[in-house]
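The lines below spell out each chain.
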Amino acid sequence: MIRPKLLLAMLFCAGLAVSDAWCAGAAQKAAQPPKGSWSVSEVSASGYDPAYAAYDAGKYETALQLATEAAAKGEIQANALIGRIYEQGFGVKKDDTKAVEWYTKGAVAGDRHAQFLLGVMLAEGRGVKKDEKKAADFFEAAAQQGHTLAAYNLAQVYVEGWARPQDMEKVAYWLNEAANRDHAQAIYDLAALYRNGAGVQRDDAKAVALFAKAAASGHVDAQVEYAVALANGRGVPKNEAAAVALLRIAAERGNAIAQNRLARAYSAGFGVPADRIQAAKWHILARAAGESDFKLDLMVISLRPDERAKAESLAQAWREQTAEAAR
Amino acid sequence: MDGKPCGLITLIPPALHKEWADNLGGLARRFRPAALIFAEPARDVLAQAIAAAKPLELAVLITASAAEANAAGANGVYLHAAGAEISKARAELGSSGIVGAACGLSRHAAMESAEAGADFIAFDAPDPADWDKAAELSLWWDEITGVPGALAFGLARPSISVLSKARPDFLLIEESGQAGESLTFAIEFGLQSQT
Chain G
1 MIRPKLLLAM
11 LFCAGLAVSD
21 AWCAGAAQKA
31 AQPPKGSWSV
41 SEVSASGYDP
51 AYAAYDAGKY
61 ETALQLATEA
71 AAKGEIQANA
81 LIGRIYEQGF
91 GVKKDDTKAV
101 EWYTKGAVAG
111 DRHAQFLLGV
121 MLAEGRGVKK
131 DEKKAADFFE
141 AAAQQGHTLA
151 AYNLAQVYVE
161 GWARPQDMEK
171 VAYWLNEAAN
181 RDHAQAIYDL
191 AALYRNGAGV
201 QRDDAKAVAL
211 FAKAAASGHV
221 DAQVEYAVAL
231 ANGRGVPKNE
241 AAAVALLRIA
251 AERGNAIAQN
261 RLARAYSAGF
271 GVPADRIQAA
281 KWHILARAAG
291 ESDFKLDLMV
301 ISLRPDERAK
311 AESLAQAWRE
321 QTAEAAR
Chain U
1 MDGKPCGLIT
11 LIPPALHKEW
21 ADNLGGLARR
31 FRPAALIFAE
41 PARDVLAQAI
51 AAAKPLELAV
61 LITASAAEAN
71 AAGANGVYLH
81 AAGAEISKAR
91 AELGSSGIVG
101 AACGLSRHAA
111 MESAEAGADF
121 IAFDAPDPAD
131 WDKAAELSLW
141 WDEITGVPGA
151 LAFGLARPSI
161 SVLSKARPDF
171 LLIEESGQAG
181 ESLTFAIEFG
191 LQSQT
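Protein chains in written order, with my numbering: chain G, 1 to 327; chain U, 1 to 195.
The hints are simulated quantities; they were obtained by calculation from the structure and are not laboratory data.
Please note that the accuracy of each hint is not assured.
What the hints assert, rightly or not - Taking lysine-lysine pairs in the BS3-like style, the calculated list, with each CA pair at most 27 Å apart, reads: (1) G:Lys129 - G:Lys94; (2) G:Lys238 - U:Lys54; (3) G:Lys170 - U:Lys4.
Quick caveat: nothing in here was measured; it's all calculated off a predicted structure.
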């Protein structure tokens with residue numbers, strides 16, 4: 001069963017300091033338009049859009065003026081940009097109600113970005129009364145026009161069974177739509193469906209191939225899943241060294257499961273030369289993050305004091321480097 | 001406990017298996033043992049306990065053969081044995097399985113078990129008259145080897161002053177009256193709850 005991630009795409013989008021157009025692009029690299037062309041709107045598909053170019057350059061007042069003029073001329077993609085500027089309060093007083101008004105204009109005119117953004121506002125009850133059913137309708141309208149995040153959110157609607165009855169086949173369909181446009185979380189979730197046979201025929205090989213694809217795009221949970229498949233030779237030829245390499249990437253990124261599995265690899269000499277100190281280092285980090293492993297606990301206890309001190313020191317150095325990199 | 005972290009291993013007699021299996025998640029939330037040992041478990045209740053422990057990543061050992069542990073999906077075994085039997089269990093469980101050895105009050109059994117590949121050994125002291133001896137052995141073990149050591153107790157449990165000087169890595173407490181009594185003991189004695 002895939003984990004509910006209903007608001008992930010919404011939050012992901014809202015958390016970016018860019019508009020819905022770029023939000024979609026951020027999640028679908030292959031579909032991302034050249035910057036400034038504002039993406040996928042049929043109207044602006046020809047290329048340069050001065051309003052979005054101004055927005056990109058941080059000239060929000062200019063962007064608002066140009067977009068307002070464009071909207072008055074019936075260029076539907078301009079509505080979403082105006083709404084976005086009000087939603088974010090860039091160069092104007094933040095005003096969710098106005099944002100919803102502009103999104104509504106664009107959505108009704110058929111712009112998929114406006115439809116998606118209006119769906120988010122309806123789902124979250126911002127600037128408008130919360131209405132999950134309408135939110136789902138707008139996600140579907142946008143998704144039908146190829147909006148990746150809308151497709152992903154629509155899949156979550158069907159997973160959760162809110163606003164619409166739970167329907168795993170539809171979940172699979174919409175995840176597939178988003179996955180085909182390289183949405184990493186959608187690829188990962190779709191892999192989970194294939195592994196569990198939920199909404200699709202169970203297919204381990206396909207699941208592993210999708211985990212591999214999501215892993216290659218940097219999805220950390222997928223990296224762990226694919227590493228485990230490589231380690232066990234499940235759905236893919238066994239490759240211990242590749243498994244450990246992938247676990248290391250995920251472990252370095254702070255994934256506690258990967259850290260613990262890497263510790264096990266070092267402890268057992270699996271895909272990497274056995275190294276009790278490295279094993280202890282990674283287990284100490286994983287344990288601090290809540291991963292339990294009695295076998296590795298026993299191994300750490302069995303270290304000599306100097307070995308244990310070295311492992312603690314390496315773990316602390318890793319924490320400091322990670323904290324430094326995050327600053 | 002003299003500044004040295006000391007965890008809990010809970011030994012569960014058959015009479016309490018069902019109660020533990022039914023309430024494992026809630027019990028482990030009170031205090032998290034390092035491992036549970038099911039003594040001579042019935043297959044169905046063991047399967048239930050393992051299923052409950054798995055998402056918590058809580059190790060489940062059994063006092064039965066390694067073959068039975070493998071068949072049940074347990075994490076390992078706790079054996080009143082030494083030498084060849086420990087080697088055999090080690091071989092059958094593989095490097096990822098856990099082998100604990102109950103060594104009574106025998107230095108020789110402890111040494112043999114460790115050499116045979118035990119992940120931890122335990123000195124048993126069910127009789128209060130043996131507590132001082134067990135504590136002495138535990139301290140000796142702590143000083144001479146890196147293999148984790150436990151002190152095992154039954155219904156009668158010593159004072160914290162006895163335990164403090166023994167420096168065990170774990171207390172292995174056999175429950176008798178009700179499920180979770182070892183956890184209460186662990187909390188009172190300031191043992192280390194596992195993550």
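So which of the earlier hints does this model not fit?
The structure breaks only hint 3.
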